[in-house]
Amino acid sequence: MKNVVVCLMPGAKFDRATGGLFGAARRLDAPLTAVIPGPADDELVATIAQQADTVICADASELTAYQPELTLAVLQTVCEQLQPDIVLLSGDTYSQELTPRLAGRLGGSSIGDAQGLAIEGDHLRVTRSVYGGKAMAVVELRRSPAVVWVRARSFDPEPARETPGTVETRAVELSEAARRHVNATEIIERHVETTGDVRLEDATVIVSGGRGLGGPEPFEELKQLASTMGAQMAASRAACDAGWVPPHWQVGQTGKKVAPELYLAIALSGASQHLMGIADAKVITAINTDEDAPIFRHCQFGIVEDYRNIVGPLREKLASLLS
Amino acid sequence: MQILVCLKQILDPEVPPRDFQIDRGRRAAIQGSANLVTNIFCENALETALQLRERSEGEISALSIGPASAEDVLRKAIALKVDHACLVEQEVAGSGSHSAITARLLAAAIRKLGTFDLILLGREAGDWGAGQTGGLLAEELGLPFVGFVDHIEAADGGVVLRRQTDTGWEKVRAELPLVATITNSEENVPRIPKTRDIMKSHRKPLTTWKPSDLGLSEEDVSSAADALEVVDLYIPEKTGECEFIQGESIEEKANAFAARIAAVVQRAGV
Ligand SMILES: Cc1cc2nc3c(=O)[nH]c(=O)nc-3n(C[C@H](O)[C@H](O)[C@H](O)COP(=O)(O)OP(=O)(O)OC[C@H]3O[C@@H](n4cnc5c(N)ncnc54)[C@H](O)[C@@H]3O)c2cc1C
Ligand SMILES: Nc1ncnc2c1ncn2[C@@H]1O[C@H](COP(=O)(O)O)[C@@H](O)[C@H]1O
Chain A
-5 MKNVVVCLMP
5 GAKFDRATGG
15 LFGAARRLDA
25 PLTAVIPGPA
35 DDELVATIAQ
45 QADTVICADA
55 SELTAYQPEL
65 TLAVLQTVCE
75 QLQPDIVLLS
85 GDTYSQELTP
95 RLAGRLGGSS
105 IGDAQGLAIE
115 GDHLRVTRSV
125 YGGKAMAVVE
135 LRRSPAVVWV
145 RARSFDPEPA
155 RETPGTVETR
165 AVELSEAARR
175 HVNATEIIER
185 HVETTGDVRL
195 EDATVIVSGG
205 RGLGGPEPFE
215 ELKQLASTMG
225 AQMAASRAAC
235 DAGWVPPHWQ
245 VGQTGKKVAP
255 ELYLAIALSG
265 ASQHLMGIAD
275 AKVITAINTD
285 EDAPIFRHCQ
295 FGIVEDYRNI
305 VGPLREKLAS
315 LLS
Chain B
5 MQILVCLKQI
15 LDPEVPPRDF
25 QIDRGRRAAI
35 QGSANLVTNI
45 FCENALETAL
55 QLRERSEGEI
65 SALSIGPASA
75 EDVLRKAIAL
85 KVDHACLVEQ
95 EVAGSGSHSA
105 ITARLLAAAI
115 RKLGTFDLIL
125 LGREAGDWGA
135 GQTGGLLAEE
145 LGLPFVGFVD
155 HIEAADGGVV
165 LRRQTDTGWE
175 KVRAELPLVA
185 TITNSEENVP
195 RIPKTRDIMK
205 SHRKPLTTWK
215 PSDLGLSEED
225 VSSAADALEV
235 VDLYIPEKTG
245 ECEFIQGESI
255 EEKANAFAAR
265 IAAVVQRAGV
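Chains as they are written, first to last, in the working numbering: chain A, -5 to 317; chain B, 5 to 274.
One or more of the hints may lead you astray.
Okay, the calculated beta carbon distance ranges per label pair [said to hold, decoys possible]:
1) A/E162 / B/G36: 52 to 60 Å
2) A/A165 / B/G146: 24 to 32 Å
3) B/A272 / A/E211: 27 to 35 Å
4) B/G146 / A/A59: 21 to 29 Å
5) A/E56 / B/Y238: 41 to 49 Å
6) B/Q25 / A/Q294: 22 to 30 Å
7) B/G219 / A/Q294: 52 to 60 Å
Hints are computed from structural coordinates only; laboratory data are not their basis.
Since the model is a prediction, treat every value here as computed from it, not as a measurement.
Ideal Cβ positions, reconstructed from N, Cα and C, are used throughout, including at glycine.
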């Protein structure tokens, strides 16, 4: 039996991603411990206890919000006590940043963006996209613990357990080795630029624009279309790199992984790296002048047209249909 | 400031899916007609370093591990005016997911090259997309680490980094030495070297080492020493056909398209 530890980040909530993370962990069918570093509210702890056998609230007085070195030191210390075979983290910035470091400190192996997990004999096997989404690889992690961040929303959450797990608050004494860099870095300013009430990752409908829009102005027209549809806005890397829209709008291999019911891609070619971000979208549709654009190979339906001709009439018609 | 940038040569990630082939037995991609290029995030890292050197004094060293062909990424870096370049010749076993071995080789080379204030890597390589090397290297070297950085300013003997988060950005104050991974932004779009500088780069010195020059044995860098094993590599099945919306006029097309979209949106209950 493998001993599985799920590490949350300070300030984590029980959202779709956390649900998916525990869904992935529980399907491994092994003893499961959840570690919450830093302050945790009672409601979160109670919800997590419905997912794990044991919940450890790892309390270190200095840790009030995520700081890279300190959070790492706390998780390292707790993992050294728990001696897990498998450590799972979510796919947020902080978890991605800490995954290889935690593996390095625990003498284990690491990989990210797991879309599938399976225990084979003595080892964890991870299925993930490689080559910008053009191929899939199965990678076996040979050194224990296997430290992995998962594409959390790709996993279905599991229902609450009948009997909740036990909750323990543990005061964490950092070892000399663990605390060596805790003052070397400090997040001094946090800037949240959410695109709306709902996070892009949790959006039900998304309108996304690409390089074919030619500049920032057409995005204003797309925003009107999006608001008619109750949609969130997103973009390709080309549009973000051009500075037309902010970087956190980017969807794809190195952007957001989204899972909407509908993804409307406008003047966006559908490079494999972009498609990696929309693998979990239910219906993909597109407006593109090029009928051979790769995006169409992933669409249920689509339209070959210049966006300048179609977006206006489309918005008007949708406004009447959806009112 | 002494800056070191780690550059990886990869198979051009923009090669269209129809030209992309793998050798399933060897569990590696076949190069075919595709070019070898510098990983884009490494280029973003180099661009960030070049801009930092323009604002504050310093030197930039470029380091790559790979087969002899990886000399090209270093020549390009020399054309962009890095001060030193070093190649550690080692075939990285067909796949780019062996981050633990790469990090060990990089750490050994960095120790031999000298002392650095800032060590920059790409957030991930465009081939295997592992995104592990930066964090593992920080641990090999026993240094602090910040990921997803897109801008760096020197400040009070240290640096202030801006980094991207899921919902916006953060500023991180950091002491040096530091390891950081760089992501793309509108500010670090890589500059293009002049043809004349590319020609001249071939006459500039380039240090070439083998792992044995770093005090590492064959065993240290063999797959047996590795933390991971790729057990399968395959190309997933293609998805279905797209139905193209037709119509006599723009209006007819727009109406038909709107009806299809509205049906999905209403089903989703927005
Ligand atoms: C390692 C790596 C990671 C990457 N990560 C990402 C990522 O996370 N996300 C991402 O998006 N990309 C990513 N990329 C980049 C990706 O490979 C593509 O370069 C990018 O997605 C292209 O963006 P685009 O579709 O907007 O532009 P293009 O490919 O230039 O497509 C523009 C499209 O607009 C159409 N068009 C032009 N004019 C009109 C018009 N008037 N009306 C309608 N259609 C029109 C064209 O036919 C074309 O299909 C990554 C690349 C690498 C190497
Ligand atoms: N063979 C290599 N030589 C030099 N740098 C590398 C090599 N492999 C990985 N890196 C660095 O590590 C980053 C992330 O790679 P990876 O962890 O493989 O996704 C790259 O962008 C490079 O900066």
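Quick rundown of the hints versus the structure:
One distance hint, 52 to 60 Å for the beta-carbon pair A/E162 and B/G36, holds here, with the actual separation near 55 Å. Restraint check, A/A165 to B/G146: a C-beta distance of roughly 26 Å satisfies the suggested window 24 to 32 Å. The supplied range of 27 to 35 Å is met by B/A272 and A/E211, whose beta-carbon atoms lie about 29 Å from each other. Between B/G146 and A/A59 the Cβ separation comes to about 25 Å, which falls inside the hinted range of 21 to 29 Å.
Between A/E56 and B/Y238 the beta carbons are some 47 Å apart, a value that agrees with the proposed interval 41 to 49 Å. A C-beta distance of roughly 28 Å is found between B/Q25 and A/Q294, which places it inside the suggested range of 22 to 30 Å. Checked against the hint of 52 to 60 Å, the pair B/G219 and A/Q294 passes, with Cβ atoms roughly 58 Å apart.
Going down the numbered hints, you'll see the structure goes against none, and every one checks out.
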